[in-house]
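Engineer: Make a model of the complete structure from these sequences and hints.
Residue numbers (our numbering), protein chains in the order written: chain A, 1 to 318; chain B, 1 to 303.
In short, the hints are calculated from the structure, not lab data.
It cannot be assumed that every hint is accurate.
[Stated by the list, open to error] Output of the computed footprint for chain B on chain A, the stretches with three or more beta carbons under 8 Å from beta carbons of chain B:
1) 47 to 55
2) 118 to 124
3) 172 to 182
4) 286 to 293
Heads up, the beta-carbon is just placed ideally off N, CA and C, and yes, glycines get one too.
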Amino acid sequence: MPTDTRRPALPVPSGTARGARPRRREQPRRAGRRMLPNPLAAVVLMLFLLFFVVPVLWLVLAATKTDGQLVQSNPLAFGSWHALRVNWDKLTAYQSDAIFLWLRNSAVYSFGALVITLCVAIPAGYALAMTEFRGRRALLVATLVVMLMPNTTLVVPLFLEINAVHLIGSMWSIILPYAFYPFGVYLTYIYFSTALPRELLDAARLDGCSEFGAFTRVALPLAAPIVALVGFFSFVANWTNYFLPYVMLPQSSQFPVQVGLGTLLDNVPQFNPTVGSLAVQRPELALATLLAIIPVLVVFLFSQRFLVAGLLAGATKG
Amino acid sequence: MSSTSTRAGRTGAPFSRRIAPRAGHGFVAAYVVLLIVFGVVPTVYAIYFAFTNAGNRFTGLSNFTAAAADFRFIPAVEHVALYLVFWLAALVVFVVGLALLLHRLAVRGVSRSLRFLYYIPGALAGAASVMVWLFLLDPTVSPIGFLLRALGYDTFGQLIAPGHLAVLFTCIAFWTGAGGWIVVMYGALNNISTDILEAARIDGAGPWRTARQIEIPLLRKWIVYMVILAFAGGTQLFVEPQLLSQASNGVAGRDYSLNQLSYDFAFQNNNVNGAAAISVELMLIGLIVAAVFVARSRFFDAD
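Structural biologist: As structure tokens, then:
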């Protein structure tokens with residue numbers, strides 16, 4: 001569901017990488033791989049390619065059309081730069097720049113939570129992996145369990161809690177729950193327990209480093225990949241979250257862009273015939289959707305390499 | 001990320017003795033605070049609400065029975081169950097199938113590009129994917145409008161008939177979520193020793209037989225992992241039906257899922273206790289699924 005990536009459901013298996021396995025990357029032909037895919041396989045792969053890509057392509061093109069063109073012209077034809085410009089002007093005029101306000105809110109919530117998540121999750125994952133303390137195992141199990149629970153589970157209970165302390169409508173009612181990110185702790189735990197040799201830490205301790213010094217001088221300089229990874233997941237999860245801000249925030253001016261899209265949707269006459277002068281045309285909604293996803297899309301494009309290779313941590317060896 | 005050093009260091013128990021316990025606590029303190037404030041407290045708080053009434057009196061299970069007796073409750077359970085059947089079936093069949101096909105592609109670049117392209121809709125998770133699908137399901141503007149009309153659907157209203165919703169939500173969820181799982185399955189396939197595959201080939205096993213008798217059995221625990229997470233996530237359905245009901249003026253998708261019902265109890269009916277009761281039930285499902293998985297699978301060996 002949107003678990004999926006709603007909360008990025010990419011696991012980082014720890015146990016699978018074991019066992020020495022000869023690598024045969026150099027072989028031109030791996031067992032079971034054919035030089036020419038059979039036609040049926042090719043057709044299936046192509047159909048799914050269309051399924052996954054055409055809607056995205058359509059969305060991009062829809063933003064360049066007028067509402068009339070959207071209905072009449074070829075769905076996969078480019079509209080015009082002029083129409084794009086008009087859509088842009090009308091979208092930004094909606095509640096005087098509401099779209100920018102929402103994007104800014106999304107950025108504040110996502111990055112605010114991201115910073116806290118990193119400050120909290122990296123040391124915690126490090127401690128779980130490299131130190132011994134009472135309650136360590138319990139904390140690890142609790143982390144795993146909470147991590148596997150869908151993050152929507154706690155939304156209504158969180159509302160009740162935040163409501164009781166009168167923080168509804170505050171930006172902290174969004175940022176702090178976002179900042180609690182057990183998946184990040186787990187990723188960090190796996191990273192340090194596989195990538196950081198304990199001998200290195202012991203050497204630092206022998207040289208007189210304090211525990212904190214060992215962390216900042218030995219572990220942190222090696223932590224760049226995991227900071228990027230946790231940052232990526234946390235950002236995407238926060239940016240695409242809908243339910244929590246939908247429940248927590250009463251005012252349109254506080255919405256993140258995801259919830260803002262819902263507001264726009266309510267004002268599209270084709271979906272809601274009762275709207276009056278505030279009407280939003282469908283291409284404007286498409287353009288708003290596009291703006292809403294661009295940050296995540298950019299992150300995807302720039303992190304493609306490490307998405308595929310790094311995400312699977314122990315899982316892939318290729 | 002994929003360091004070659006194994007977890008051998010972990011077995012060196014004597015090392016860990018040297019570490020002062022205090023330091024470990026210092027590193028995890030902030031995390032523990034967040035875990036308590038945003039994990040434990042809301043859970044306890046919801047349980048408290050679920051077992052009391054508006055006057056803070058203990059009421060036993062009456063909130064649960066009242067919620068279950070609501071006319072919307074049983075339909076919501078049925079909706080979610082039906083959706084889960086479609087969603088899990090689609091996920092298992094297509095994700096595993098596509099990962100196997102991609103893994104057999106001889107040209108690595110093509111395989112990698114396809115995986116990435118399949119993954120792109122993941123960027124539209126949440127409300128954005130619903131927006132896109134609202135358009136896709138409107139035959140007048142949809143890029144597959146010709147297909148929809150050929151199937152006899154001329155309007156958006158016809159397409160979002162109540163009987164179709166489980167399939168439509170499956171499409172949306174699959175579109176945004178499958179790519180990530182394909183990447184995961186592909187990674188797991190990469191982990192299968194080439195020797196085994198080669199031995200199978202020498203013994204005369206074709207691609208179909210190799211998949212059925214070697215690759216799929218070796219993928220089993222990954223498939224189980226995917227199904228479990230997708231199941232837990234699927235029970236929480238909210239954004240798709242909620243936005244669809246907005247887009248159809250409450251005709252389709254209103255009170256479709258349990259989370260929506262919980263939301264409506266809290267915000268429409270002013271029945272916080274009923275909302276908490278449903279939340280606790282959903283939480284219990286998530287918790288049981290997660291706990292069983294952590295305990296039974298060797299997936300996360302918490303050393």
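Engineer: Next step is simple, just say for each hint if it's right about the structure.
Structural biologist: Outcome of the hint check:
For the stretch 47 to 55 of chain A, the proposed coverage by chain B is satisfied: 7 residues have a C-beta within less than 8 Å of a C-beta in that chain, meeting the threshold of three. Coverage of the stretch 118 to 124 of chain A by chain B holds in this model, with 5 residues showing a Cβ closer than 8 Å to a Cβ of that chain against a need of three. Coverage of a stretch by a chain is defined here by at least three residues with a beta carbon nearer than 8 Å to that chain's beta carbons; for the stretch 172 to 182 of chain A and chain B the count is 5, and the condition holds. Residue count for the stretch 286 to 293 of chain A with a Cβ under 8 Å from a Cβ of chain B: 4. That meets the three needed, and the coverage hint holds.
Consistency note: the structure conflicts with none of the earlier hints.
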